[in-house]
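Listed in order, the protein sequences are those of chains A and B. Here my numbering is used: position 117 in the first sequence is 117, and no number is missing along the way. Here my numbering is used: position 357 in the second sequence is 357, and no number is missing along the way.
The hints are simulated quantities; they were obtained by calculation from the structure and are not laboratory data. Don't take each hint at face value.
[Said to hold, decoys possible] Below 20 Å or equal to it, Euclidean Cα-Cα: the simulated DMTMM-like pairs (lysine to aspartate or glutamate) are:
(1) B:333 with A:30
(2) A:58 with A:272
(3) B:341 with A:94
(4) B:303 with B:219
(5) A:130 with A:287
(6) A:38 with A:200
(7) A:278 with A:290
(8) B:341 with A:390
(9) A:45 with A:272
(10) B:116 with B:104
(11) A:283 with A:272
(12) A:243 with B:243
(13) A:38 with A:48
(14) B:318 with B:283
(15) B:333 with A:94
(16) B:341 with A:322
(17) B:128 with B:143
(18) B:318 with B:237
[Claimed, not checked] Residues of chain B placed beyond 12 Å of chain A at every Cβ, according to the derived structure:
(19) 34
(20) 63
(21) 64
(22) 92
(23) 151
(24) 217
(25) 243
(26) 298
(27) 304
(28) 342
(29) 361
[As the list claims (entries may be wrong)] Part of the chain A face toward chain B, derived, beta carbon under 8 Å:
(30) 332
(31) 356
(32) 363
(33) 370
(34) 385
(35) 386
(36) 388
(37) 393
Backbone N, C-alpha and C define an ideal beta-carbon position, used for all residues, glycine too.
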Amino acid sequence: MIDTTKYVGPKWGGVINRFMADEYTLSDIDATRYVGSKLGGVINKFLDDTPSKDLGIKMVTPFTLVLVALIGLAAVVAVYRLIFGIGAASNLNDFWPWGLWIGFDVLGGVAMAAGAFLIAGSVYILNWKKYKCIARASILNAFFGYLLAAISITLDVGRSWVIWHPLVMWQVNSVMFIVALHLVLYLCTLGTESSPMVFEKLGWPRALKGVGRIMVGAVMFGVALSLLHQSSLGANYLIVPAKLSPIYYSPLLPYHFLVSAIMLGLAIVSFETLLTGKVFNHKPPRDVVEGLARGVMIVGSVYLVMKIWHLVTGPGVGAVLDGSFLGNLYLIEMTVGVILPLTLLSFRSVRTSLERIFVVDILVILGVLMNRMDVGVFGVSEYATRSGGDYFPSIMELTLTAGMIAFAILGFKFCAKYLPLFPESHH
Amino acid sequence: MSKSDAFNSVSRMLGGVSRRDFLKFCSVMAVGMGLPISAGARIAEAIVNPKRPPVIWLSFQECTGCVESLLRSNHPTLEHLILDLISLDYSETLSAAAGHQAEEAKARSIQENKGKFVLVVDGAIPTKDQGIYCKIAGRTALDILNETAPHAAAILAMGSCASWGGVAASGPNPTGAKGVSEILSNRTVVTIPGCPPNPYNLLSTILYYVTFNKLPELDPQGRPKFAFSRLIHENCERRPHFDAGRFAEQFGDGLHRKGGCLYKLGCKGPETYANCPTVLFGETGAGTWPVGVGHPCFGCAEKGVGFTTPLHQLAVLKEMTPPVFFGEAFPNKSGISPGIKTFAAGSAGLVVGAAGAAVLTGLGTKKGANLDQPHGQDEKNARDKEE
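Hey, can you work out the whole structure from these sequences and the hints?
Put into structure tokens, the structure is as follows:
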């Protein structure tokens, strides 16, 4: 460990050293000294990590420092983009107006957030209590997914500072309007759904009770919004039948997006449950993960049928088997994301092994993310090439995306440490 | 006076035009100026009013192109409308009278209609050496203009020469030619530039004045906004070819014959404000205007462009900058561009690699590794916790 007393003097160096050595956590800081007794008390209460001590989350690790560095770089890129414009920061052009930020951050980020409405709907509407233990984590995950999508869209539109225009200047005939409105409303809904754990931590029973009263309504609203939003992202591509490859273009594209997002949502919730079980001192509930795997299998089968139906009624099965570049991408995406997971899940030994379900989850996540990149970015490549266009994301686009992912991971970790994210492990 | 009486009073002058055609003309005029269709009725009323102001037309340093363009309008009854309806009292080119007789007619009309007539001027006014380079009836153009203008209700400069000097004022400008507004700097002068200008722009302005008793909205150079507020480039029928990068490179080359954009041949459409592409010329159908028939616009209606910049010089693009390299519209490159191919292949590689790694490590582990506790134990725990 570096001895920082050499650089910043014994007083501050000592503090930093202790912090780096993880002897000293945020909860040791008495905020009342800095911001007054009232606000300071709230902050102290929020930063008290004793309830989550048993999760054993260390904030100062090499991995966390890398994440912080990535976030810092991404912030620099974001400022650069806001000052010098999207043309200076990205490699986007007239032929590729939508690139990595839309394909991965927005389409992928939103699809990865689909787990929240499914779990919230199962717990609060269908009253499937088994899943309650993962509800908070999945909603928080979705909150970060949507937050990143919102930031990415803000940076991706040409004039970021008028991003609020659609909210007051309604263009009800535009799918983009639906997308914008849903993003904002659902982000608020996810905030509402996540708020109980903040209130619980701060010990505000009245606020907790108030949110509890509107919870079912908020969840129903969130389910409706999500169904619309997941599909409207696909509906965006309905206006480009001539540009998007026939392998991907279908009048049913919104439904493809919706069903694949549900499959991904279940997989990601399961993945996250198992992952937190691996990295935190927290035991993943077996029946929940197995239930989610069954869900992935059912929805994945529906998705597979839809995709095959699309091929048969549309471009023909030969279109993906002719060795063309897009055909190969399609095969990779379907093999990794649908066929392989379904094949694996058809074995009972896989369905009952958490370790193997974890593998299946990874496959589904990779496959559906690949699908979003295929539809959003690669699917129009033949058209754009014919028109003389080319695109490879700039280093700044890649940096920003990496920073976004880092932000989500760090944010989730932070919340896991300071919020009652896994209620069952505290009682 | 009932409506039909009013029409009958002018129908003889119209030379057999039907009432329907007359009203249609008035409506077309209204629409051409961007006025509501109801303004057509008011225009019709103004035209049949026997007290409508007369027009006095002065021609100075000019080629008669402006007057010719007015005569060449092939709308069936247009010349009647111009000659009879706007009550053209004096025109050096069109007067049946000649010499002293014509000059007397002019003097009488000015006397009778002091402060009421519309003065139209075409041609530039030479100012060098007291303006001796253009004389009519022994008097200089400068004198005639200075003497007539104070009595006019409205002054219209027809054509580029009258507007700012036009071809007569282009370098080295040996006669010191100037436009009307430069000489009558204290008066509002409506300028209708063009070489020749579209006759409808003049007629519309006069009819607007006759109908509403005021001038149409003008831009800082005195041009009526209804005709000169848009760049030719904005309404050009070849504009899609500009956007798509299909340019004629030489006269007669493949894209020139196919109707490609003339920008690279020096078309000044991107810097010239005029309504040529929408109003067209000569009423002989679609495409009858310079760019339409394959000749680049040379910017005749724009001061500092027409008669000033070389014909072959590329226009300054006012509102949009073209890319340094124009993407061809349909180069029809087959396959996939290298950048995106690399990106896609990289992404796919990442996905396959990660998937492979996950499958190999995950499926390789024996059942009963750290996470795989015997079935049931967790289940029980989870249920207990919720209830």
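Hint check results:
1. At most 20 Å may separate the alpha-carbon atoms for a hinted pair to count; residue 333 of chain B and residue 30 of chain A exceed this at roughly 66 Å.
2. The hinted pair formed by residue 58 of chain A and residue 272 of chain A meets the criterion: a straight-line CA distance of about 18 Å does not exceed 20 Å.
3. In summary, the hint linking residue 341 of chain B to residue 94 of chain A is supported, as the alpha carbons are separated by about 18 Å, within the 20 Å threshold.
4. A hinted pair counts as satisfied when its Cα atoms are at most 20 Å apart, and residue 303 of chain B with residue 219 of chain B qualifies at roughly 14 Å.
5. The hinted pair formed by residue 130 of chain A and residue 287 of chain A meets the criterion: a straight-line CA distance of about 8 Å does not exceed 20 Å.
6. Taken as a hint, the residue 38 of chain A and residue 200 of chain A pair is honoured in the structure, with Cα atoms around 18 Å apart against an allowance of 20 Å.
7. Using a Cα cut-off of 20 Å, the hinted pair residue 278 of chain A and residue 290 of chain A holds, with the two alpha carbons roughly 17 Å apart.
8. As the CA atoms of residue 341 of chain B and residue 390 of chain A are separated by approximately 9 Å, the hinted pair is consistent with the 20 Å bound.
9. Pair hint residue 45 of chain A plus residue 272 of chain A does not hold up; C-alpha atoms about 27 Å apart against a cutoff of 20 Å.
10. Pair hint residue 116 of chain B plus residue 104 of chain B holds up; C-alpha atoms about 18 Å apart against a cutoff of 20 Å.
11. A C-alpha spacing of about 12 Å is found between residue 283 of chain A and residue 272 of chain A, which places the hinted pair at or below 20 Å, so the restraint holds.
12. For the given pair, residue 243 of chain A sits about 18 Å from residue 243 of chain B by alpha-carbon distance, which is consistent with the 20 Å threshold.
13. Between residue 38 of chain A and residue 48 of chain A the alpha-carbon distance is near 16 Å, which keeps this suggested pair within the 20 Å criterion.
14. The suggested pairing of residue 318 of chain B with residue 283 of chain B is violated, with an alpha-carbon distance near 30 Å, which exceeds 20 Å.
15. At most 20 Å may separate the alpha-carbon atoms for a hinted pair to count; residue 333 of chain B and residue 94 of chain A meet this at roughly 17 Å.
16. Annotation: proposed proximity of residue 341 of chain B to residue 322 of chain A holds, straight-line Cα distance about 17 Å (limit 20 Å).
17. Distance hint between residue 128 of chain B and residue 143 of chain B is fulfilled; the C-alpha atoms sit about 13 Å from each other, no more than 20 Å.
18. With a C-alpha separation of about 18 Å, the suggested pair residue 318 of chain B and residue 237 of chain B falls inside the 20 Å cut-off, and the hint holds.
19. Annotated as non-interface, residue 34 of chain B keeps its C-beta farther than 12 Å from every C-beta of chain A; the closest such distance is 26 Å.
20. Residue-level check passed: residue 63 of chain B sits 45 Å from the nearest beta carbon of chain A, beyond 12 Å.
21. Look at residue 64 of chain B: its CB is around 48 Å from the nearest CB on chain A, clear of 12 Å, so calling it non-interface holds up.
22. Distance check for residue 92 of chain B against chain A: the nearest CB is about 55 Å away, which clears 12 Å, and the non-interface claim stands.
23. For residue 151 of chain B, the non-interface assignment is confirmed: its Cβ lies about 53 Å from the closest Cβ of chain A, beyond the 12 Å cut-off.
24. With a minimum CB-CB distance of about 28 Å to chain A, residue 217 of chain B clears the 12 Å threshold, and the non-interface call stands.
25. Distance check for residue 243 of chain B against chain A: the nearest CB is about 10 Å away, which does not clear 12 Å, and the non-interface claim fails.
26. With a minimum CB-CB distance of about 30 Å to chain A, residue 298 of chain B clears the 12 Å threshold, and the non-interface call stands.
27. Residue 304 of chain B, annotated as away from the interface, keeps every beta carbon of chain A farther than 12 Å; the closest lies near 31 Å.
28. Some Cβ of chain A comes within 12 Å of the Cβ of residue 342 of chain B; the nearest lies about 6 Å off, and the non-interface call is violated.
29. Not every CB of chain A lies more than 12 Å from the CB of residue 361 of chain B, the least distance being 8 Å, so the non-interface label is violated.
30. At a threshold of 8 Å, the smallest CB-CB gap from residue 332 of chain A to chain B is about 5 Å, leaving the interface hint in force.
31. The interface hint given for residue 356 of chain A is met, as the beta carbon of that residue sits about 6 Å from the closest beta carbon of chain B, less than 8 Å.
32. Annotation: residue 363 of chain A was flagged as interfacial toward chain B, and the flag holds, the nearest CB pair being 5 Å apart, inside 8 Å.
33. For residue 370 of chain A, the shortest C-beta to C-beta distance to chain B is roughly 5 Å, which falls under 8 Å, so the interface hint holds.
34. The closest approach between the C-beta of residue 385 of chain A and any C-beta of chain B is roughly 5 Å, which is under the 8 Å cut-off, so the hint is satisfied.
35. For residue 386 of chain A, the interface hint holds, the least distance from its beta-carbon to any beta-carbon of chain B being 6 Å, beneath 8 Å.
36. At a threshold of 8 Å, the smallest CB-CB gap from residue 388 of chain A to chain B is about 4 Å, leaving the interface hint in force.
37. Hint status for residue 393 of chain A: holds, given a least beta-carbon distance of 7 Å to chain B, under 8 Å.
When held up to the earlier numbered hints, the structure conflicts with 1, 9, 14, 25, 28, 29 and fits the remainder.
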